[in-house]
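Novice: Top line first, the protein sequences correspond to chains Y and W. Under numbering that gives the first Met the number 0, the first residue of the first sequence is numbered 0, with each subsequent residue one higher. Under numbering that gives the first Met the number 0, the first residue of the second sequence is numbered 0, with each subsequent residue one higher.
Mixed in with the good hints there might be a few duds.
[To be verified] Computed cross-link-like contacts, DSBU-like style, restricted to lysine-lysine with a CA-CA straight-line distance of at most 35 Å:
1) K360(Y) / K372(Y)
2) K477(Y) / K261(W)
3) K58(Y) / K315(W)
4) K315(W) / K159(Y)
5) K237(W) / K477(Y)
6) K86(W) / K315(W)
7) K258(Y) / K173(Y)
8) K261(W) / K46(W)
Hints are computed from structural coordinates only; laboratory data are not their basis. Just so you know, these numbers come straight off a predicted model, no measurement behind them.
So you can see what is in the structure, the chains are spelled out below.
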Amino acid sequence: MNYSIIVYVIGWILNVEAVLLLLPCTVAVIYREPSGTSLAITAVACLVLGLLLVRKKPKSEIFYAAEGFVTVSLSWVVLSVMGAMPFVISGYIPNPVDALFETVSGFTTTGASILTSVEALPNCLLFWRSFTHWIGGMGVLVFLLCLLPMAGGSRMNLMKAESPGPSVSRLVPKVQTTAKILYEIYIVMTVTEIVFLLLGGMPFFDALTTAFGTAGTGGFGIKNDSFAGYSPYLQNVVTVFMILFGINFNAYFFIIMGKAKQAFEMEEIRTYLLVIAASIAAITWDTLGIFQSVGAAFQQAAFQVGSIVTTTGFATTDFNKWPQASRTILVMLMFMGACAGSTGGGMKVSRFLILIKTVKKELIQLVHPNAVKKIKMDGKLIEHEVVRATNVYCVAYVLIFAFSMLLIAVDEQTLVTNFTAVAATFNNIGPGLDVVGPSGNFSVFSNFSKLILIFDMLAGRLEIFPILVMFSRETWRKF
Amino acid sequence: MKIIIIGCGKVGVTLGAQLAQEEHDVVLIDESAARIQGVPEEIDAIKLVGNGASIAVQTEAGVETADIMIAVTGSDELNLLCCVIAKKAGNCHTIARVRNPVYYQEIGFIQEKLGISMILNPELAAANEISRILRFPSAIKIDPFAKGRAELVKFKVQPEFRLDGLSVMDIDSKYHCDVLISGVERGDEVVIPDGKYVIHDGDIVSIMAAPRNSMEFFKKIGVQTNPVTNTMIIGGSKIAVYLARQLTSMRIRVKIIERDRKRCEELCEHLPDTLIINGDGSNRDLLREEGLDKAEAFVTLTSMDEENVFLALFAKEISRAKLVTKINRIAFDEIINRMDLGSLIHPKFITADTILQHVRAMQNTIGSNVETLYHILDGKAEALEFQIREDSEVTNVPLMKIRLKDNLLIGCINRNGTIRIPRGQDHIQKGDTVIVVTSQKGLRDIRDILKK
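Using the sequences provided together with the hints, build the complete structure.
Specialist: Structure representation (structure tokens):
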């Protein structure tokens with residue numbers, strides 16, 4: 000294990016974090032908030048630690064799969080721990096476990112909160128909260144890949160470890176360029192959303208934080224009622240952009256390259272949009288009784304479906320009070336999640352597609368024992384390794400889910416609360432049902448449970464294996 | 000004795016040459032005319048083309064009056080068949096080479112019911128030898144005698160041992176360990192040293208001692224005596240399987256790198272506790288990724304000698320692993336020895352040695368019996384273990400008074416389980432086992448140690 004390079008990369012992560020912290024500091028200056036000092040202190044601490052770690056260039060450039068996984072896991076932990084400091088230092092979230100929960104929720108773009116009153120926080124901290132969504136959405140290591148000079152093979156190992164989806168592909172030959180393109184698309188879309196929001200009369204600060212939350216599909220709001228207080232136009236803008244950010248970024252790349260047709264033919268995106276359409280239709284019909292008009296029901300259904308399926312987590316109404324069918328549809332959507340290669344969480348639509356195709360294949364082979372059948376997606380063969388990895392992912396997913404539920408059951412909350420609490424954190428959504436519903440929060444849980452849920456949030460965002468690899472004995476073996 | 004050898008592959012030819020040299024009547028049989036023609040002319044033996052399992056061919060070779068029949072063809076089944084037929088046709092001793100682990104597991108039944116005197120498994124023997132070396136990696140070779148109670152350990156003298164310039168007697172008086180320096184190789188020279196011989200750095204020294212005492216000696220001169228904790232094996236051959244099993248039972252962590260995917264899957268089945276990597280051993284990145292630089296032992300067991308040598312050289316550069324290299328063909332022996340590749344395993348020699356040992360043991364000369372035999376010092380000397388069954392001119396006489404042949408040493412005496420490194424006053428008794436080291440080949444009887 001090439002420790003020197005892992006330490007080096009983590010050092011750079013800290014440096015980047017220090018620079019990023021300057022933005023909320025600036026916000027603090029603009030609004031004249033004393034909490035800005037906590038941000039400044041954290042920035043300095045990050046910088047000092049970071050510079051210390053990058054002082055020595057790594058002895059060797061060796062960066063294999065194991066190094067990739069460990070780097071990603073450790074980086075995110077370090078990022079979160081340092082990022083939690085402003086909350087503790089400023090005194091707004093004095094309990095370090097709570098602060099860590101909130102920060103991890105931010106970086107992993109979950110959006111679950113332990114705060115009982117969001118509006119009590121000063122703007123600079125609210126900005127930092129939402130900004131962590133934006134950073135974590137596309138990935139902080141992918142960001143680093145754009146900047147850091149590293150051997151080509153090692154870059155791929157890093158990108159594979161952090162990027163979501165069953166198989167990570169390059170858009171262009173060079174990994175570094177791929178990372179740059181992804182970030183360019185990301186930034187352009189974020190800015191576009193801000194423009195649309197401003198056009199709707201939203202205050203600039205709100206537009207920024209909303210766009211951050213949408214782009215990273217995070218869900219931290221700056222209002223206690225999440226997004227319910229904003230105008231229907233603004234809600235609709237956010238609905239559209241949430242869905243857009245949940246689409247595989249490869250599709251946007253195709254569109255840029257002039258291959259729009261290829262983008263629209265992607266099976267994953269078609270399935271994604273189909274599921275969204277069907278869910279909105281079903282929920283609209285189911286909730287007709289609650290709303291004044293079909294239009295209102297449709298608009299609310301669209302927002303909530305868009306929010307949950309992309310694992311953003313904004314809410315415009317307390318869907319905890321919706322009829323059971325609608326609630327269940329939302330919970331199901333929590334698991335499917337958004338497309339691979341987007342900032343969304345969940346299991347990812349492509350994995351679902353692979354699983355369904357695998358079941359279909361199995362049925363054919365049961366009827367025709369000597370049949371030979373291969374699974375294809377978008378006309379390309381899905382290698383056995385990918386299928387196998389997907390199956391194993393699902394198993395690991397279920398095991399972690401079950402185990403987490405078991406562990407947090409100690410806190411004596413209801414089954415629905417526990418189930419959706421784990422679902423909401425593991426899939427990086429944010430709000431669940433019952434006590435942790437859109438009008439509730441996670442403060443009811445004990446520190447121990449919060450730590451379990453923190454683990455789930457990280458495991459979910461990093462897609463389980465980097466975290467598990469870090470805890471596996473085999474990884475650290477010398478030989 | 001009359002000896003028939005069926006199968007003129009590498010082992011068959013080596014055996015034929017050696018036995019013919021020792022004045023036995025040898026007949027070589029092989030089905031392939033090309034291979035018979037490939038047998039060197041100098042070997043003083045009859046060469047027959049024919050199927051060794053055919054009674055007609057065996058009769059032509061004289062099976063009815065033969066003393067031993069050795070079947071070392073490439074096929075286990077053929078070897079066993081030849082032996083069964085020979086046993087019925089002529090009631091001679093039969094020796095068969097059997098490599099398939101499935102048959103080898105049933106060796107008890109085969110030997111007893113089919114009447115075969117000895118079954119050889121060269122791969123298992125090679126794996127045993129490698130295990131011995133890895134248990135004590137500072138040694139180049141370890142040959143056990145007296146059922147393991149004594150060992151001949153070969154190692155290279157490094158400057159840090161501070162033995163340079165000391166004579167054999169000096170070393171003895173300085174360290175007071177019950178060990179006997181039985182052989183020294185310096186360059187191309189091989190010497191059975193007397194007390195006045197001076198040791199220098201770079202010499203390859205073989206010492207005879209009980210294992211406890213050799214460990215003590217090595218600790219005193221500063222040699223690393225800990226066994227390895229992990230091993231990387233290149234090539235998933237049969238030897239690899241036997242070796243991996245043995246190493247795993249010694250709690251050594253094993254990794255095998257094998258090129259063929261199907262073979263890897265077989266290996267997974269045979270060796271559940273070993274990490275099997277599907278890859279080309281000559282891929283340097285793969286070796287590095289799998290931690291070659293942290294390996295403590297590196298064993299190359301591919302089927303190509305050249306690849307084994309290159310891999311060992313590469314490993315030597317990037318790690319401090321104990322190198323064990325398998326060499327199948329003994330064409331470039333001296334050159335390979337000079338490359339300092341650590342321990343070399345010659346499966347050919349191992350098989351030939353075992354058979355020769357058996358043949359000599361069979362020469363049931365009255366008075367003594369060869370129990371064990373090894374080619375040592377690069378094949379230029381032999382170490383033999385004699386069982387003393389009767390009194391003779393060599394028993395009950397102080398060793399000082401016995402006129403021994405040149406280049407011959409009494410390595411140790413095993414009396415009732417106790418190992419003694421003999422001094423001048425010691426004598427040999429009936430019932431003892433004596434280990435003799437000599438550059439003279441062909442000793443059959445303990446009395447052959449006497450200068451004529």
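Novice: Are the hints correct? Go through all of them and say.
Specialist: So, going through the hints one by one against the coordinates:
1. With a C-alpha separation of about 7 Å, the suggested pair K360(Y) and K372(Y) falls inside the 35 Å cut-off, and the hint holds.
2. The suggested pairing of K477(Y) with K261(W) holds, with an alpha-carbon distance near 28 Å, which does not exceed 35 Å.
3. Under the criterion of a C-alpha separation no larger than 35 Å, the hint pairing K58(Y) with K315(W) is consistent with the structure, at around 21 Å.
4. For the hint pairing K315(W) with K159(Y), the CA-to-CA distance comes to about 34 Å; that is within 35 Å, so the pair holds.
5. Pair hint K237(W) plus K477(Y) holds up; C-alpha atoms about 27 Å apart against a cutoff of 35 Å.
6. Between K86(W) and K315(W) the alpha-carbon distance is near 49 Å, which puts this suggested pair outside the 35 Å criterion.
7. For the proposed pair K258(Y) and K173(Y), the alpha carbon gap of about 20 Å is at most 35 Å, so the pair holds.
8. A distance of roughly 40 Å separates the Cα atoms of K261(W) and K46(W); the hinted pair therefore is violated under the 35 Å criterion.
Against the hints set out earlier in the document, violations occur for numbers 6 and 8.
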